[in-house]
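Residue numbers (full-length UniProt numbering), protein chains in the order written: chain B, 1 to 198; chain H, 1 to 241; chain P, 1 to 195.
Heads up, a few of these hints could be off.
Label-pair distances were calculated between CB atoms; the ranges are [claimed, not checked]:
# : chain 1 : residue 1 : chain 2 : residue 2 : range
1 : P       : 41        : H       : 145       : 25 to 31 Å
2 : H       : 66        : P       : 74        : 16 to 22 Å
3 : P       : 158       : H       : 131       : 24 to 30 Å
4 : P       : 158       : H       : 199       : 25 to 31 Å
5 : B       : 15        : P       : 123       : 48 to 54 Å
6 : H       : 160       : P       : 2         : 30 to 36 Å
7 : H       : 197       : P       : 134       : 27 to 33 Å
Note that these hints are calculated values from the structure, not bench results. The structure displayed is predicted, hence computed values, not measured ones. The C-beta atom is built at its ideal place from N, Cα and C for all residues, glycine as well.
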Amino acid sequence: MKLCRSHYFDLEDILASHETMPATFTEEVKGLGFLDPGAVTDNITPKTKLELPFWILQVLLQLPNKPVTVELPKAFNATHRDIFSADACIVDFNKLCKFFYTFGKILARAKLKESPEIKKMLVETFKQRFRYVFDLSQNVETEKLASDKMDRMERELYNESRTAQVRLNQWMSVGIGTIQAASMIVNHRKRKLTVFEL
Amino acid sequence: MCLEEALVRVKKYLMMETDSSIDISRLLRDEDEENISDDEEFTAPIVLNLIENAWLNEKLSAEILPHKSIYVDAMYQQILTMEDNISKLPSDDIRIDIYQLELDRIRYIITSYLRIRLEKIERFTKQILQQEAQRSVDDQYLSFHELQYAKSFQELNEKHLNLVLKKMPANVASLSHSQTLIRPNLEHFVFIRSRVSQDGLFIPDIAGNEEREVKLTENSQFILPYNSVSELVKNNSVQLI
Amino acid sequence: MDPAEIEFLAEKQLISIIPKFNLNHTIHLISGDIGPFRSGIPVRVPIWLAINLKQRQKCNIVVPEWMNVETLEERKENEKQSEFFTKMPNEHYMEVSRMLFETAGDEIQKIDEIRTVLKDIWDLRMSKLKASINKFIKSDTGIAQLDHLTQLEINSVRPLLPDSLNIISSLEKDQDSDGEDNSQSQNRASSSFAQ
Numbered sequence: 001m002k003l004c005r006s007h008y009f010d011l012e013d014i015l016a017s018h019e020t021m022p023a024t025f026t027e028e029v030k031g032l033g034f035l036d037p038g039a040v041t042d043n044i045t046p047k048t049k050l051e052l053p054f055w056i057l058q059v060l061l062q063l064p065n066k067p068v069t070v071e072l073p074k075a076f077n078a079t080h081r082d083i084f085s086a087d088a089c090i091v092d093f094n095k096l097c098k099f100f101y102t103f104g105k106i107l108a109r110a111k112l113k114e115s116p117e118i119k120k121m122l123v124e125t126f127k128q129r130f131r132y133v134f135d136l137s138q139n140v141e142t143e144k145l146a147s148d149k150m151d152r153m154e155r156e157l158y159n160e161s162r163t164a165q166v167r168l169n170q171w172m173s174v175g176i177g178t179i180q181a182a183s184m185i186v187n188h189r190k191r192k193l194t195v196f197e198l
Numbered sequence: 001m002c003l004e005e006a007l008v009r010v011k012k013y014l015m016m017e018t019d020s021s022i023d024i025s026r027l028l029r030d031e032d033e034e035n036i037s038d039d040e041e042f043t044a045p046i047v048l049n050l051i052e053n054a055w056l057n058e059k060l061s062a063e064i065l066p067h068k069s070i071y072v073d074a075m076y077q078q079i080l081t082m083e084d085n086i087s088k089l090p091s092d093d094i095r096i097d098i099y100q101l102e103l104d105r106i107r108y109i110i111t112s113y114l115r116i117r118l119e120k121i122e123r124f125t126k127q128i129l130q131q132e133a134q135r136s137v138d139d140q141y142l143s144f145h146e147l148q149y150a151k152s153f154q155e156l157n158e159k160h161l162n163l164v165l166k167k168m169p170a171n172v173a174s175l176s177h178s179q180t181l182i183r184p185n186l187e188h189f190v191f192i193r194s195r196v197s198q199d200g201l202f203i204p205d206i207a208g209n210e211e212r213e214v215k216l217t218e219n220s221q222f223i224l225p226y227n228s229v230s231e232l233v234k235n236n237s238v239q240l241i
Numbered sequence: 001m002d003p004a005e006i007e008f009l010a011e012k013q014l015i016s017i018i019p020k021f022n023l024n025h026t027i028h029l030i031s032g033d034i035g036p037f038r039s040g041i042p043v044r045v046p047i048w049l050a051i052n053l054k055q056r057q058k059c060n061i062v063v064p065e066w067m068n069v070e071t072l073e074e075r076k077e078n079e080k081q082s083e084f085f086t087k088m089p090n091e092h093y094m095e096v097s098r099m100l101f102e103t104a105g106d107e108i109q110k111i112d113e114i115r116t117v118l119k120d121i122w123d124l125r126m127s128k129l130k131a132s133i134n135k136f137i138k139s140d141t142g143i144a145q146l147d148h149l150t151q152l153e154i155n156s157v158r159p160l161l162p163d164s165l166n167i168i169s170s171l172e173k174d175q176d177s178d179g180e181d182n183s184q185s186q187n188r189a190s191s192s193f194a195q
């Protein structure tokens, strides 16, 4: 897993901030009509309700007249928070919110009213589901799962853990031969000569 | 290359008075020298061990650690001497294979060590150069060649990035310093084995709040955040495992 | 880390062999001196060399003392009784035994029994490890002590354990640790729409 801090080019971050939130426009916004499939003009009319990506909303919320109000996305509303605290393991994050933890982190740090609760919920949910991801990754008999109830972060954890387990099992049963030089290196010299001759 | 040349080269490289605890001539021991006692002098086996430990530490930490070029260079000289010795042996001598096996092992460790460091340099170029500039000459983390590599890598990257940025709309045609800075996560969890007994190590709980004191004893092993022990790793009090 | 790399480290250990050849010289390896070799007389060499010589049929390997059924059964009992991890007879017991099974299987008496006991010990320790990992994750402590676990055992829970701890620790934080409030998406947003 990446051992660097979140940064500008972080793909995971970028993808996660594309998760959507319900927004209600309180004022007209010129030029953004294309965001609304039901728009008649080039502008968004007041009282329009749209589901927009977080990164767009973040910019709109910075405007001095704050033309939108936002609600928490479905996966993070009070109902779901209760579901998670009851039994997080049954939730299908693949369907509900693919970037649950990364996006949740963004929301938790966004200084919203519900941010502290979201933070607590994220930690508790992860801890609850850890056992599930752990057990699944140790069980290498079954086929690698193509899709499951995991969100992206859990899935990455699962994949890496499973790969490591497979390698360990292979090593235990068969042993690994000598560490070989990559064939690319062995062939490097040969390739160079060919280029020279041409 | 004869012993004297190698000696001069290593001393020049150090660019400072030879530390009395590292007897360079012993590092470049020839075939025929008798066994030497390994009390304080850094004999070849000790240097090899140090390199292996450095390799492990470098592999398991997110940030780049102080370089060990003194040892790597000395070991490299040792390898060259050994290869020279091998070439002088009759071709059916059983010793050839034995020496060669060991050389392959040592080469693997050294190249892996250097490769890991290069990967970190390529990933965190900007921050590494920034921090290196603030360190004193005695305390550099990058070797001479690594520093040059980092600088030219940075230059190439920036040139390339600017070429692309120029084609963007005006308000995104440049990136600020903080936007291009990529830093390692120093709070990642590591496994350690302690070489010393030490009190007074304070580790926060996972929420970053209450700290508790941990007592290290020789050979005790822990999992804990890297930044709590980064200094101990760098001064060899603990080993990442 | 790859198990092969841990095996690589394990191979440095010394083991006794009985050479089938003579060599009057001391071999000055970079990692230490070995030899001279007298046919029939035991000599200590690193495992990597022992394996190579054995494969070329130039020696026999002396099985380490700890690799016998009685000693290992005792260790297994100790491990069962103990709540924590007991010290293993060798820091790299699995790696060494695996290598010897592979190359010197013919010299190990009761090899199947030994294999079974070792597997039992490994399984026992691994299940202890898994149980304590689950407990550890649920708790809020930021540190755990794991004395007497071998490198291979520790590596078997990589990257899962450290990465999960990294995730939890990151979720718990309110901001990046050096006080940067701006999330990166803020960073992107402000530059994209700067007027």
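Point to revise | Hint check against the structure, violated hint numbers in rising order | key: 1, 2 and 5
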